[in-house]
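The lines below spell out each chain.
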Amino acid sequence: MVADRAQVRAGIGTAAGARAAFAAVPVLFLVIFLIYPLVRILALGFGPIAQTGLGAIRQAAVDTDLGRLLLSSAGQALLSTILTLAAGLPVAWIFATYRFPGKELLRALLMIPFVLPTVVVGSGFASLLGSGGLLEKLAGLLTGSAGIHLSIMRTLPAVLLAHVFYNVSIVVRIVGGAWSAIDPRLGEAARVLGAGRRASFFRVTLRLLLPSLAASAMLVFAFCFSSFGVILILGGPRISTLETEIYRQAVYMFNLPAAALLSVVQLLVTAAVMFGYSRFQARSSTIQNLKPQRVTTHAPRKAAEWLLVALCGLIPTIGLLVPMGSLILGSFGYWKNLFATTGHSLFWISPGLAAINSLAFATEAALLSLALGVPAAYLLAHRPSRHGGAAGAALSTLDVLFLLPLGTSAVSLGFGFIVGFNSPPLNFRGAWFLIPVAHALVALPLVIRSLLPSLRALNPRLRDAASVLGASPGRVRREIDFPILRRAFVSAAAFAFTVSLGEFGATAILTRPELVTLPVLIYTALGRPGASNQGQALALSTMLTLACAAGLLAIERFRAPGPEAF
Amino acid sequence: MRKSALLLAICIAQVAVPGFAAPRVLRVLTHSSFAATPSVLAAFEAANGVTLQFSAGGDGGETLTKAILSKGNPLADVLYGVDNTFLGRALDADILVPYASPALASIPADLQTDPSHRMLPVDFGYIDLNYDRKYFADKGLAVPRTLEDLAAPAMKSLLVVENPATSTPGLAFLIATIAHFGDKGQATWQSYWASLRRNDVLVVNGWEDAYYNEFSEQGKGRRPIVVSYATSPAYELNAAADPKPAVPPTGNIIPEGASFRQIEFVGILKGAREPDLARKFVDFMLSESFQADIPMQMWVYPSNAKAAVPELFRKFAPVPSTPAAIDPAAIEANRDAWIKAWSQIVLK
Amino acid sequence: MALLSLQDVHRSFGVAHALDGLSLDVDEGQILAILGPSGSGKSTLLRLIAGLENADSGRILFDGRDMAGVPPHTRGFGLMFQDYCLFPHLGVQQNVEFGLRMQHMGADKRRQRAAEVLRLVRMADFAGRDVHTLSGGEQQRVALARSLAPAPRLLMLDEPLGALDASLRVSLLAELGDILREVGVTVIYVTHDHAEAMTIATRIALVDAGKVLQAGSPDNLIRTPASARVASFLRLGALVPGHLRFTDGAPRIATPIGVIAVPRRLRPDAKVEESGVLLVRAAACSLEPTRDKVETRARLISRLVHPQGSTLRIGIIGNAGNEYAMDVNVATAGGAESAWDPGKVRPVWIDPNLCEVLPAEN
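Protein chains in written order, with the numbering used here: chain A, 779 to 1344; chain B, 477 to 824; chain C, 2 to 363.
Only chain A is shown next, with the shape it has when bound in the complex (with noise of 0.2 Å):
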């Protein structure tokens, strides 16, 4: 009924001034944090060609190379998001469809290559793929030579598979999430129409599921595009993307120059896909009846299910581990030098301190990443969404500023930093909060995605009803918001806690000794010769992947009222 759409659209307009406040926090954030420093190191580089003029321009991209390094840093991405997408969906399929043993670890151990350090899978993957390893093994065994060399190093399958190794789990949260809130007997209702399984899948199931897909889709790609220490050691040094240009020509050749030119074609593109996401998203999202898991997830039933199960459930696993089990086994036999002290007295605290700096980190820039995304994605998940003209173009800038910094080059920022912060009065280069607002920045635009398709499902008469009844604004987002998308919530906890968990690249720049955390402990390792400290990297590699998991898993743990799990 057109009146019922309407009123749906416009209901909620008079909390929208409060709303707008709320968001500016994270919008200002945003301006401080992210824009400010991009500014000014882009500056600085463009400075001196603004004096010579467009043709300097062209001359840099000329002597980049830059539209091949367009098409190879936008070539992987596509790739490894058609990828990811195949090996996550079937895994998001039995998340929302199932319940089985194992399914809170699995979704953990997901997870878990977000906070891996690059150079630390890339030996991973190297032991796997590379000379000497265990593909190398299995082909031997298979055609029964012994003396077989296969190496897949450094070519774009290598790259491929480390991304998604890297992202599947994006997939699995934000889809799987969503499709495990919807309704079966949406499902049922178009068989009973006359569809097929097949066509009821694709009109209803995936229709509704569009908006996660896309949002999944474009963070894996956002994530690929930008993609620097899997491409530097698993892609060799044939493959080149802007990421990995930008490093070069900033650090190597000190050319600032370039690496800003390419820094905002890099900004640009990825803008470019995110608007074009934001426009879809709006239009795409239709509101749904939720439903708890009780309701969606069965446990298998037949033997032809648990066969699914486990098949959908055991590859990734197996995906997974291998490489992850790699780590732990060379880690094996250099555990007692982490803890002894000879001969490391410099950039070496306690891996029990590190530890502790990188778990009050990682939950502090959860909480900000989670007070600055929440306002946001309700900003963003209100918006009138037919609707054209001013405001839906202005929020759909919001949108793509809320993304932004995905497409970031994370060299270009961490350098912004220190150009940016370093006078007053902004003069907190050295201050240690810089480190989780780095983190936060990093992880706000996965906080928001995560949260987005959720926000738009829910029935805004859900909260009309609990208003009614009573509750003022804050208590309806406690009562009906957080319990009903409680799994939309701890998605955008537990990305934002490993995203920090693993970060690397700000640390490195705005640390100091004291506050060292332990990737940064890790490649201080790796940077040292002998085969104890590359031991010893992967040990703390394990170690941080435990903390992880322990992290992730106290996430779950985090229950709203009621009996009724979603």
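Quick caveat, the hints were computed from the structure, so don't treat them as lab data. Check the hints yourself; a few may be wrong.
Stated by the list, open to error - Footprint (simulated), chain B over chain A, 3 or more residues, beta carbon under 8 Å:
(1) 903–916
(2) 924–932
(3) 1013–1021
(4) 1024–1032
(5) 1175–1184
(6) 1188–1202
Here a beta-carbon is modelled for each residue, glycine too, at the ideal position from N, C-alpha and C.
Chain A is fixed; fit chains B and C onto it per the hints.
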């Protein structure tokens, strides 16, 4: 409720902890490989009533970039870790103040590449090739001795090098070949690399990747020759479990005139908060006590001629008689072009 | 003084006027039905009263107090939604207790009150249940219990029986009426079904296109509809358009089914040729020939069979071939039911004294 209280406690503790520092602090910005024995540093701290605060800036290039970007409000008082491939850039950026330390008297003149004394040499090392002894012994192959040997058919698929675009040893090796072959006449560095390519040279992005993943001695790789540091064999011997073998498992190939000498420098940053202490620290870094500590900590040679060098180095970390010689200014000017040309020949 | 008073309320969405100058009063203890076709702005009205939306202009007064700016959670009203909107993450008990929790009622008192209300709606055994396992009727009752529990001063029901099937609707309607009267709360009951409205309400407001067409007791509306539109919505009978004539000083109306002398005039000052609508009620219609009645022809459109006597829907045929539909009850209209075959045209007799002329619109 208790959970949140715990979280809050952790966060507050975080803020409170960094409150403790001695009255005078000297900040030193170094690359991540800097190492020194605590007692040696403690002696300096005690003698001068100061606390040393070290910050790691990443590798040499990154550290320098950070130092340049924070010009005007420097991240530290003292900068260590700039090597001769980046020396030109450091000097051009004008972030250092000159200091003619009296300790320079003990340092050989050919190491003092900066006449303005803004960057003073602390240590040096050589980038050459390491080979896997066991591999060559087992296969009964003759160990190559010159650069030209590496291009011989017998050496096909045996060499792994680092990408000069992303790795300092890689760049150093490239420069060494350029210095050795030049770009005129029959045998140019370009034709050399073309022949290496035909010989199936493997290129990887970083030294760790080359050494730990592709060098056969480390167990996984198939390539028994790797571009590495002249002191690596000595390190391997030192790190070996007891009982230690008589010789290291790896050896050095030091091609005549084609070993690149990498010198590392220290300098005082403009705008340092503690210029006197900074000068004292530079003196200290060039003094015998610190210099003698360098070999076993950082696995490079001390610049101070008077400093004692361990037996291990003398036996297994030889100093090339004629290292490759290239002007730092030339490096700064041509690096980009060289790397581009190299990529064209080897990668494309 | 009325408990709730709406004064000239306007609310539009873009170009659509949901409420176009609507004024209405509700007295305490009344059960007011707001009756109107779909899209007439009824749901919007409830949302405005509840405070979930703001009117563009006009006032809403409750107990004499202007409700503008008063947030919904402080108004103390009850609202039962068309699709019930039970909280999916809470069980039946918690759903019912929700409003009580918001009132900071103690746990014991809450439980007591919830049990009381659930007993009232005959769902006492369902307290521990999961809302997803409930049937439509059960959900409706729980939703009712939930809105009654906090003892609101004004309870609004938005098409509460809309989602239920016909037989359930009939039985629940009676029950609902009993419950509401027992509780004694002031009720605004929104529906599009006139039978529902007439059964449950003490007063009906007919709303269409954002305005109140007529308000009054059910009896009042039936006996004196203000216009043909009202009569049409209440399905009072066949509505035949025509023009006024005065022949020999007596008012007549010339219609496609004949010129009929009507005792009740449109208005004292009604003029000739002014258009009006003739209302032919079922009572005026007979299937047997009678003297003094106007003979006309009608066709059977459909038949609804009841054990107590079927309802026939017939279309009186005008001279241009138009049909004017009305419902007659066979028992009162007389004649043999079997005489009617579907589609067949038969004569019917109309008593002009039981007809009236209405204006087309208010």
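Comparing the hints with the structure gives:
1. 903–916: Three-residue rule met by the stretch 903–916 of chain A, so holds; n is 6.
2. 924–932: holds (count 3)
3. 1013–1021: Answer holds; 3 residues pass the 8 Å Cβ test.
4. 1024–1032: Check passed, 6 qualifying residues.
5. 1175–1184: violated (count 0)
6. 1188–1202: n = 5 at 8 Å, threshold three: holds.
The structure fails to meet hint 5 from the earlier list, while all remaining hints are met.
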